[in-house]
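Chains A and B are the protein sequences, given in the same order. Residues 1 to 276, numbered by our numbering, are exactly what the first sequence covers, in order. Residues 1 to 279, numbered by our numbering, are exactly what the second sequence covers, in order.
Bear in mind the hints are in silico, worked out from the structure with no lab data behind them. Take these hints with a grain of salt, some might be off.
[Stated by the list, open to error] Derived pair list, reagent style DMTMM-like, types lysine to aspartate or glutamate, alpha-carbon separation capped at 20 Å: (1) A:LYS91 / B:GLU153; (2) A:LYS195 / A:GLU273; (3) B:LYS163 / B:ASP68; (4) B:LYS46 / A:ASP88; (5) A:LYS272 / B:ASP68; (6) A:LYS89 / B:GLU153.
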Amino acid sequence: MLLNNYFNIKRFSLLLKQDLLINRTKYLLGILGLGLVTYLLSYWFLSSSKNSIINNLNSIYNHYMVCFTFYMMAVGVIVGTAFPDLTDKIKTANYLLSPGSTFEKYLVQFLLRIGLFVPIALGIFWIAIRLAKASLIPEMINGNQFFDPALVPYFEFRSLVTGEDKLWDTWQILFMIFGFFSYGTYLFAGASFFKRYALVKTVIISGILFGSSILFTVLLSHIMYPAATHGFQIHFDTFRVTDSLDSAQLFALYLSMLSWIFFLVFAYFKLKEKEA
Amino acid sequence: MINIQHLTFQYKKQDALFTDLSFEQQNGSIVGLLGKNGAGKSTLLKLISGLLQPQVGKLVINGFKPFDRLPDFLADIYMVSEEFSFPSITIGLYIKATAPLYPKFDYEKMNRILQEFELDAKKSLNGLSHGQRKKFLIAFALSTNCSLLILDEPTNGLDIPSKSLFRKILVGSVSEGQLVLISTHQVKDIENIIDTIVVLDEGKIVYNESVFEISQRLQFKTVATLSGTENPIYQEKCLGGHRIITESNQFEETEIDIEILFNAIINKVNLKPQSHAVK
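The following block holds chain A by itself, in its conformation from the complex:
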């Protein structure tokens, strides 16, 4: 009975179905639009980078990485606009009176914006960027260099974690995967924290927090290591944890691997508080 107050699988599936039925056109158009824009921008970016690709075919991976980073920012925009019903008074009342627990409503948004959307978005990216590469046209560049797209490798997710034909270290791969996940949950938490313009406010607050952290670290560096720190430098001691991992890297890994837990819990309780 107590569990039923928080979670009921039938009720949850009905809430999820309700959201999907009501917003299906919006979601479908959103995904198609994202794919189309990604294809067009990637094609434009790869086309305008033919010079550097001819000189070094492997540089295409850097271009793919740039495309992927910008794409994930766009994905972040969608994740950061979770809880759209909390942006106006009338919709908020409808949302609050909708038969479901706070946890179920939270889970619906998490599942839609992260659990379902992110894998779909990654698939869309894979298709769009490969289509963009396939659309590149063979041509003479600078009058004497021939650009042959057939020689350019296609995008693979593996290439995002590969450098000089060698896979990154495990910790680096974990850092990247969880880093993106934590980034998504951070934006998701921002959407539950702010009422209006949540995404913009989250980005501004991130900038302020990041800048403040840097300033604070610079300040600490000057206090703790006055001789070793000059100007706007940061200095801290590190030590090796394993052969391929030092303490600073381990800290970064912890940060990316654990912060999503904090953000998810934070988002839930913020939502509960907002409903009060």
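Dock chain B against the given chain A, drawing on the hints supplied.
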């Protein structure tokens, strides 16, 4: 069932809207909640539905504390607000998506009411006029078969034929186990459909009486002149004479004129017997 005991509520940085408000109502009736503009009718409805939390007092609806907003509570109440918004989808899709969340939803009743209101399920909700959307919302609310239906100014925005249709549909759709709370300041619109009249004034329930009891005790008449009329309890001038409230004479039963009754209550006229006045 509504059980409110000694409720106090105030909005931030404002004077208390309700102090020590008590109100009890069993299921099986259609209650008209009347009050002047700003009397707190909509706030009381929001408290009952769980959108607001009282500062002091006991508030129990169908055995639940509304503000806990437990799913079982939410699945058994439906509120038609004065202001509402819909997604840009068809009526049919909205029903398909939202109705399953209400376990007692009656699809046949929904179709019947839609037909009576002349609403086409294939029409987009946002392509409808305000009045049509309100009619749809009322149809949906009635079809949920929730134990408590809260209608806040349901007739606002409805044209004259729709208002009478609304009254007819409401009376024909509500079952014994339901409680319908209708808040309005357009008292004429709910005449003949309510069986209990509740008046809210200055933060208190100042009147709570069943229509049956009122008609047993009071008579409502329009007379050309007051001379010859024995001790009217309340009177108002009108075209062609006076509208009056008198005590019932047991020989004649008159239709209740809610408007004049409301005015009498708001003007603090003592509508005896004393035991009926809400403390």
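Here's how the hints hold up against the structure:
1. A threshold of 20 Å between alpha carbons decides the hint, and for LYS91 of chain A with GLU153 of chain B the separation of about 18 Å falls inside it, so the pair holds.
2. A hinted pair counts as satisfied when its Cα atoms are at most 20 Å apart, and LYS195 of chain A with GLU273 of chain A qualifies at roughly 12 Å.
3. Of the supplied pair hints, the one linking LYS163 of chain B and ASP68 of chain B is violated, its CA atoms being roughly 35 Å apart against a limit of 20 Å.
4. Proximity of LYS46 of chain B to ASP88 of chain A is assessed by CA-CA distance (about 16 Å); at most 20 Å being required, the pair is judged to hold.
5. Among the hinted pairs, LYS272 of chain A with ASP68 of chain B is consistent with the structure: their alpha-carbon atoms are about 11 Å apart, no more than 20 Å.
6. Restraint check: the Cα-Cα separation between LYS89 of chain A and GLU153 of chain B comes to about 18 Å, which is no more than 20 Å; the hinted pair holds.
Hint violations for this structure: number 3 only, all remaining hints satisfied.
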